[in-house]
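Dock chain P against the given chain D, drawing on the hints supplied.
First to last, the protein sequences are chains D and P.
Per the working numbering: the first sequence = residues 12 to 433.
Per the working numbering: the second sequence = residues 70 to 368.
Check the hints yourself; a few may be wrong.
What follows is a list of derived Cβ distance ranges for each label pair [stated by the list, open to error]:
#1 D/Glu-390 / P/Trp-206: 52 to 62 Å
#2 D/Ala-375 / P/Val-350: 45 to 55 Å
#3 D/Ala-340 / P/Arg-356: 54 to 64 Å
#4 D/Lys-297 / P/Ile-191: 14 to 24 Å
#5 P/Phe-209 / D/Arg-193: 27 to 37 Å
Short, incomplete list of chain P residues facing chain D, as computed with Cβ under 7 Å [claimed, not checked]:
#6 Thr-216
#7 Ser-290
#8 Gly-324
#9 Glu-339
In short, the hints are calculated from the structure, not lab data.
Glycine included, C-beta positions come from ideal geometry on N, C-alpha and C.
So you can see what is in the structure, the chains are spelled out below.
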Amino acid sequence: MWTDYHEEGDPKMLHRRKMLLATVAAATLMTAGAAQAEECTITLGAAVSLTGKYSTNGMHTKNGYDLAVKVLNEKGGVKVGDKTCKLAVKYYDDESTPARGAALAERLIKQDGVKFMLGPYSSGLTKAIAPVTEKYKVPMVEANGASRSLFTKGWKYLFAVLSTSEQYLQSAIELAAENADRMGKKPNEMTVALAIENDPFSQDIRAGVMDDAKKHGMRIVIDDKLPKELNDMSTTLTKVKALKPDILVVSGHAKGAATAVRQIAEMRVDVPMVAMTHCDSAQIIKKFGDKAEYTLCASQWAPTLKYSDEYFGSAMDFAKLFEKTYGYAPPYQAAESAAAVLVFKDAFERAGSLDPQKVRDALAATDMMTFYGGIKFDETGKNIAKPMVLYQVLKGKYVVVAPSKWAEARAVIPQPKWSERK
Amino acid sequence: MQNLQLLLQAPVFNVQLLLDGMFIGAIFALAAIGMALVWGVMNIINVAQGEFVMLGGFVTLMLVEAGFHPLLGIPAAAVVLFVLGWALYRAVIWRIVDGDMFISLLATFGISIMMQQLMNEIFGADVRTVESGLGVWFLFDGMVTVTQVKVAAFFLSIVIGLLLWLFLKNARLGQAIRATAQNARAARILGVDTDRVYAVTYAINAALCGAAGALVVMAWSIHPYMGLPYTLRSFMIVIVAGLGNLASVIAAGLGLGMAEQYAGFLLGAEFQLAFVFLLLVAVLVGRQITLARKRQYLK
Numbered sequence: 012m013w014t015d016y017h018e019e020g021d022p023k024m025l026h027r028r029k030m031l032l033a034t035v036a037a038a039t040l041m042t043a044g045a046a047q048a049e050e051c052t053i054t055l056g057a058a059v060s061l062t063g064k065y066s067t068n069g070m071h072t073k074n075g076y077d078l079a080v081k082v083l084n085e086k087g088g089v090k091v092g093d094k095t096c097k098l099a100v101k102y103y104d105d106e107s108t109p110a111r112g113a114a115l116a117e118r119l120i121k122q123d124g125v126k127f128m129l130g131p132y133s134s135g136l137t138k139a140i141a142p143v144t145e146k147y148k149v150p151m152v153e154a155n156g157a158s159r160s161l162f163t164k165g166w167k168y169l170f171a172v173l174s175t176s177e178q179y180l181q182s183a184i185e186l187a188a189e190n191a192d193r194m195g196k197k198p199n200e201m202t203v204a205l206a207i208e209n210d211p212f213s214q215d216i217r218a219g220v221m222d223d224a225k226k227h228g229m230r231i232v233i234d235d236k237l238p239k240e241l242n243d244m245s246t247t248l249t250k251v252k253a254l255k256p257d258i259l260v261v262s263g264h265a266k267g268a269a270t271a272v273r274q275i276a277e278m279r280v281d282v283p284m285v286a287m288t289h290c291d292s293a294q295i296i297k298k299f300g301d302k303a304e305y306t307l308c309a310s311q312w313a314p315t316l317k318y319s320d321e322y323f324g325s326a327m328d329f330a331k332l333f334e335k336t337y338g339y340a341p342p343y344q345a346a347e348s349a350a351a352v353l354v355f356k357d358a359f360e361r362a363g364s365l366d367p368q369k370v371r372d373a374l375a376a377t378d379m380m381t382f383y384g385g386i387k388f389d390e391t392g393k394n395i396a397k398p399m400v401l402y403q404v405l406k407g408k409y410v411v412v413a414p415s416k417w418a419e420a421r422a423v424i425p426q427p428k429w430s431e432r433k
Numbered sequence: 070m071q072n073l074q075l076l077l078q079a080p081v082f083n084v085q086l087l088l089d090g091m092f093i094g095a096i097f098a099l100a101a102i103g104m105a106l107v108w109g110v111m112n113i114i115n116v117a118q119g120e121f122v123m124l125g126g127f128v129t130l131m132l133v134e135a136g137f138h139p140l141l142g143i144p145a146a147a148v149v150l151f152v153l154g155w156a157l158y159r160a161v162i163w164r165i166v167d168g169d170m171f172i173s174l175l176a177t178f179g180i181s182i183m184m185q186q187l188m189n190e191i192f193g194a195d196v197r198t199v200e201s202g203l204g205v206w207f208l209f210d211g212m213v214t215v216t217q218v219k220v221a222a223f224f225l226s227i228v229i230g231l232l233l234w235l236f237l238k239n240a241r242l243g244q245a246i247r248a249t250a251q252n253a254r255a256a257r258i259l260g261v262d263t264d265r266v267y268a269v270t271y272a273i274n275a276a277l278c279g280a281a282g283a284l285v286v287m288a289w290s291i292h293p294y295m296g297l298p299y300t301l302r303s304f305m306i307v308i309v310a311g312l313g314n315l316a317s318v319i320a321a322g323l324g325l326g327m328a329e330q331y332a333g334f335l336l337g338a339e340f341q342l343a344f345v346f347l348l349l350v351a352v353l354v355g356r357q358i359t360l361a362r363k364r365q366y367l368k
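If we strip away everything but chain P, and leave its shape as in the complex, we get:
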């Protein structure tokens, strides 16, 4: 209650919370776009989503330690993760595309554990960060601070979302991806190389997460076991937004980010993540009710 009064008395802190929520939400959205894509096209829930984010962060870290500019980490992480995603598809994922969803959960969960342990072996469990080299903007007499790298994250995820939308709509491969999503069998009969479509889809997902990871290491911090909250938030966003619509995925991401910031401020940091789960339960229950109503209507 006291915290709520604070927000009413000094509305400027609302600005801070909304901005921070938007920025962190944009990064959630990047990973969620990938998850929606893989889920929608391949019918696989990729549990290793958060680990791709983590790997993207480590790629950036290595690059910076080798003396490169941190911002270069964003494309570099995307490229490295694209290749890794492709390789993972060829090694594991192709075996489970047409299988049971339970199998795909298990397989990607296995991949996520392997990645965690591998990174723990190589880099140790320490928390790592990278200085972005970008500054901070001060608004309202320094009451509101805006880290430039977070702004970059925000615009980048919007741009990537747009590019992906254009790609899916206009490019040949993009059309093939959509065709496969609609009906893989029909697409195959009509000459679409669905295996290649799946590989590209999974690789694009990994690349998106990699870019997100590069931003996370610059704006916050990474360590080998950071993945799960990112996977869960992606899942949450996709559940809310549905599989078909990129714009709504981004909107849900931003919304979740802001909701989380308010929950953290009003209820205390310990409830920030708990709030996400609560929201997830609420959404699932809500969805169940609306669907039940729809079914009744159809009868």
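So that you can see chain D by itself, here it is in the shape it has in the complex:
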């Protein structure tokens, strides 16, 4: 996806130049004799899935953390009061099992003396670890637990940089409302069809969509819950054909996206807007080509967004650096993990102390911009500054179309009828 970027200097040369600078600086300090900058290292603890069913995404998470730590240390580390500290992460493999994750969190805090935690991968593991960090009053910034239930327990030491599940498709409903006039309607005359899998995560997404639809006075005409085993949506789509809603919302992990894209095309279901999740993991463009055209897809982050910060530069700069370091384009899991480390750095500096309680309060007051998007936590600890973005498949590429502030192009709404295509 990012093959067209230019090289930014030989990294080895860059490194050598920095080493030289550092040596000179160190020499100056020594001769000055005023060794104000004491050596210190802040160790963040993390139980991440390096084996088991989440191992792929666990690796993305670890790579994100590592890259951020590396970049921050290269840029001078973290200034805590009058000290300058380096960051380090202590990892354990949680084997993708919640019980193991909780035990390892306990070990990190009690045996290894870790005072700050980075989150694991997945909502399930985050839910297992959070009670432990709460118990020991250890602040945890997590980047990969999106379930709404994480933020209804009154946890005080949990902060999440990613958008939570109920936000996943809210931007699609917003987009529909914004574009109501293009369909010749008012928002409160619009109708919504939902085909959402019957699991807790997808049902969170459904709850968010329902709330937003209600806010705009839209009517839900279909509300099907897709069973886990189903690989056929034809009955739901037949209903869609009969009831002609203005927007069809589909969410059922990769299987849901793949089934929907294929059957909507086969059955020639004409809906002005089709929005879904997990398009990228279902690889709908690669697998279905033209059939995927005009589909709207929710995503946490995109490298084409215009977000930027002083550490990584723009979102695209992060993507390039990541690809240069690890040899593959960063999925959003890696981006949000890197952002979690930036949040810690910011909080340490504002707290001016390594006292967990002060850092916790500084975290709660976070209001910053990163390459991953704005980060500001509400009282439950979830990030309310970063919207989900919505891609549309246009000419075989993902193009950001919502929210309007970050859009690369205007969404094609209503999408052309199947009979008018080609």
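Chain P only, in chain D's frame:
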């Protein structure tokens, strides 16, 4: 209720539901024919039925990725699964043919878990599909769509059912299979190589499922853990139709497919599979009552 009104107001959607039900039912029927055969001849309930379907899909997938035409996947999957079925018989199934039915349930359940995990190891848990290269027909102004690959699935299962019927009726081996089904011991005394009959029966079953799997990957999608619903539906169809009659197995398959589509439309997709189980319970209870009545009559 609102959905029912919809069907009454726009009857054309009934056509869509009936057609879709027929097509999906035909694929269920293919797997069910195999199950009925193995059950009837060998007295084994093959729990790995759905996994054979899944494997058939993966064979087709590999073939397409190697550059062959998807439709070639149907015979290819059948052949590969025939061989695999034969091998499985020689390795495992022959040990349990004369045993307790509970043992056969356990053994085939074990086989099904192994196949799931093996495919998960090799291909990953992702959902896979194959484009059939066939088009779509539009009826009633595009209100009803008919995917050609589903039509192919329908006719194929009818043809396969017919061929199987002819084979069992006329071919030497087919007659041997029927003889073994009636009384294995008598057949053995009269010179039928029942071991070979069992092997062929199990292999034919695997081949039928393989062909069904090839159709599933073209019309819908596959992944390593998709098997169970297919096994359950086969079981359901065989329970309704009985072991002896191929035509009634196909009819029950089509009926189940249509019933499922209506359940999905009227009650919502979440009840589509629940409806199958409900139907299964109803049929079993109904059967129990009729059998009890028959027993009373005999007294």
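Quiz item: What hints, given by number in increasing order, does this structure fail?
Solution: 8
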